[in-house]
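Visitor: Single-letter residue listing:
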Amino acid sequence: MNNEVLDNEREQTGESKKIITRQNFLKVMGSMVVTGGVAGATIPFFSSKAKKEVPKKSIGSILPAGTIAKRVAADPTKIPAPIHRNHAISHDVTLEAKEVTARIESGVVFKYMTWNEQIPGPMIRVRQGDTVNLTLKNSTSRMHNIDMHAVYGTGGGNMATLVAPGEKSNMRFKAMYPGAFIYHCAVPNMDYHISSGMYGMILVEPPEGLPKVDHEFYVGQNEIYTVKEAGEGGLHDFDFKSMLAEDPTYVVLNGEKHALTPDVHGAMQVKTGETARIFFVNGGPNLTSSFHPIGNIFTKAWSAGAIINKPERFVQTMHVPPGSTGVFELDFPVPETVKLVDHSLTRVVRKGMLGEIAVKGKERVDIFNPNPSDKT
Amino acid sequence: MNNEVLDNEREQTGESKKIITRQNFLKVMGSMVVTGGVAGATIPFFSSKAKKEVPKKSIGSILPAGTIAKRVAADPTKIPAPIHRNHAISHDVTLEAKEVTARIESGVVFKYMTWNEQIPGPMIRVRQGDTVNLTLKNSTSRMHNIDMHAVYGTGGGNMATLVAPGEKSNMRFKAMYPGAFIYHCAVPNMDYHISSGMYGMILVEPPEGLPKVDHEFYVGQNEIYTVKEAGEGGLHDFDFKSMLAEDPTYVVLNGEKHALTPDVHGAMQVKTGETARIFFVNGGPNLTSSFHPIGNIFTKAWSAGAIINKPERFVQTMHVPPGSTGVFELDFPVPETVKLVDHSLTRVVRKGMLGEIAVKGKERVDIFNPNPSDKT
Amino acid sequence: MNNEVLDNEREQTGESKKIITRQNFLKVMGSMVVTGGVAGATIPFFSSKAKKEVPKKSIGSILPAGTIAKRVAADPTKIPAPIHRNHAISHDVTLEAKEVTARIESGVVFKYMTWNEQIPGPMIRVRQGDTVNLTLKNSTSRMHNIDMHAVYGTGGGNMATLVAPGEKSNMRFKAMYPGAFIYHCAVPNMDYHISSGMYGMILVEPPEGLPKVDHEFYVGQNEIYTVKEAGEGGLHDFDFKSMLAEDPTYVVLNGEKHALTPDVHGAMQVKTGETARIFFVNGGPNLTSSFHPIGNIFTKAWSAGAIINKPERFVQTMHVPPGSTGVFELDFPVPETVKLVDHSLTRVVRKGMLGEIAVKGKERVDIFNPNPSDKT
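Those protein sequences? They're chains A, B and C, same order as listed. Going by my numbering, the first sequence runs without a break in its numbering and finishes at 362. Going by my numbering, the second sequence runs without a break in its numbering and finishes at 362. Going by my numbering, the third sequence runs without a break in its numbering and finishes at 362.
Copies of the same chain look alike in the list, so a pair counts if it works inside one copy or between any two.
In silico DSS-like cross-links for lysine-lysine, where the CA-CA straight-line distance does not exceed 27 Å:
(1) Lys286 / Lys348
(2) Lys257 / Lys198
(3) Lys64 / Lys198
(4) Lys56 / Lys154
(5) Lys227 / Lys214
Read the hints as simulated data drawn from the structure, not as lab findings.
Full structure from sequences and hints, please.
Guide: Printed below as a string of structure tokens:
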């Protein structure tokens, strides 16, 4: 779509005014929702560099022979179950460093670094007092390691877990304090590695566990810095210079633009009357997220993932610093599409930071009536 | 004023040292306070682009014939009264999208988009459980709509309220949870529309209401991205490229540089011994505000505008993410000028983000004595 | 070290792969820890400007004759003792504005502005209700003053304390509310002065004092904007243009890159089983710090330095806005190196923002076992 359709920019395009009606604009907005939402608007006219669109068919040829673009977005529902134990146990956890060439969005390819081929990396779930035997396996050609914020110990384990290509490393720690903590690669180029996908969450439940909810979702935000512009076709090389300026090309939820929307890998699914808990990790490496659920509210919000504290109630937008987390509970009284965004809206509109929760159920026009003249 | 007077930059200008005395520098600071304060220092020597000063008289000629530059800064005192009801009612609220060509500062003109020709848009005030019939009227040539953070429903109502030029739209919702919430335009180019002024606040009071204070003020911060530099004369076109970099030209309170100071539309007014509540909305679209009252303290601060929570006491600087709000209470024990700023100080010094509260009353030299050698 | 050693960047350098083993990489990481940690990686290949390395010996010749590069980093342990009084007293405090030419890092020199030749400036410690007679002495060639967030009064005292070169100024105030507050220079070019070092902390203890801890440390973060790149040798002039873009060259703890590490002025020192309180002030002038202790956790955290509030427990990363503070308590159950960073990691990896706490004591392999195959 072009920008005139988006905004009727007569004075910017110099063209004569097109007839824009509510009906055809809704169609545009609707298709944007279907194709990834409002954030589809990576619009040519503000581009500073020339666009070089690479036909989608040719992308295969720019990748190493035999490379297949994979899904890197973690399934937000594939997480360990809540804990109901009242005693400590020991966990054997293995994380495998893997490089994955995959799509940021249609036509745009990036060389990701991941834990277990997913972004964010696998969610680890333990109980306060449990012991974790953590093994790293390195199936890449670079050095990697882990700094885990749940660990008392040098570098959160980064020296202990340093692992060369083709090798394994190992450390053991006791989860001493409760919370939802980030883990991330912490080699000297750690900002590059995290930006490329090497971060995840370890949840340390308090001894009494967490309140029951109907759904738990696991999502993570990070910035991707590339030498091209958002939407420009082809392989995007990493750009250290824009990272130095904290000026990313993409800001994404679960590693890809609009990964968790119907047009890509599908929205999260709930029913009206249900509750959900969102485990959110901000890998950064640099930007604070102003995390917000469009069309909803965080009924309970735990800043910094510090779940032992009293939650804040009815928070519209929660800052989540890079290298931190947030835990949120939501109610869903009406059927709707809830969009999870960073409310630094240019990151949503032009850089890809948006995921969706589809809420199915019976309309409640007493709460939300989108067309009162029809229905009352 | 030139920069040497500001800072005696001998080494930067290469000029010989002027005689700077405390007295004539205070005069400079004093006049800066009068003309808009410390933030008046948009100084030429750090400019990267050539300055093209347009004589003030010629600005009229660059605007469409018949256009009169208007005030866009909302009057911070023009807000609905506190609620003392103990039952729910229904409200009919109409917001009108209007384009306004107005001054950002003297000699600098911008094409604002507004709700009801004011920035922030009208403050809406309801009680938890009330119903709101919201009508949008569109008197512009673009599509607009509303995402209201107080609404359970898709897009906070953005699909329901989408309104074409010359038309009206309508939705109805029940205010289900308490808090001070932002509303903002949410068409695909929403960051552009919000940056241009399309945001405001809806306050949902808890059933028991809010504590009594002597004054309530309503202010909002947003960034303006233009193709020129701050202070450069003439019409400033919007700049999508600098918005992409989150690098604004202006950061303003109530839409204009120094709007709420004696030199522009006047400071807010209180007396010593009184109390005030500030309703603060950060439209963004991108930057977190580090909101701070110079020469004072937030006696009580509600982060995220989540007024049902226990307030934090004695907060000097509160982060307010874009797409969020803050509610603050202040005491005024001494006569002074309180300056409301974003403590990212370059936004104050060089981009215009400053408003004032004038506190009149009897000096209390036991609390603050600016000249102890004279008075004791 | 070059970047290939850092990250084995075959595809970026085009060179054939070197044999990288865990052992020789650990040696690299180890030496980086010794020489200032992980953050040592200011790496040439992402530089946009040509590097002009100035031989270290020639640096003396670019400074004014007779200038000796001094330490500007405040000693984090040189702070006033906790207060055990139960009555109010009066304090005479003098701060002296001094310009200091000193090293940001080895081979890189900057003209700092300071209070008492240290960054952050001297920590002032009083009890709520105490009176402070504050005298400013100006031993520089510029105008200076103080805005103290603990003060009720215009500009936090900035008009009252304005002091010309060679002169003195004076104000008196009562500390009316508790908290850890920033003070900073607030002349019109205040962002430049603060970036150059002119900020510090005044701690106003509540009447009942603070809980006993074994150690108290005082550290401050600020951004330095220069016309050169990080690591580029020679004198760095201040750069107003990059400050306007909030894009600093250095982000530092106590004014210098890696000041509080073994390789520069030494790490902070504690023993296992002890507790420590960190008084952290973010001068800014522009960036929010996402403050985090690598390998540890804030057992208690007071946002905004608002020490009268209930602390948050087990906070991994705390946002501290510019013009604000944080107060943190830590436990040290295991021997380790704790690294204090801003978790916007590019500031750590490439701009210098890192300090260390060395924790000495007996290993606790039940809590942290970096090599479980050896020890169990």
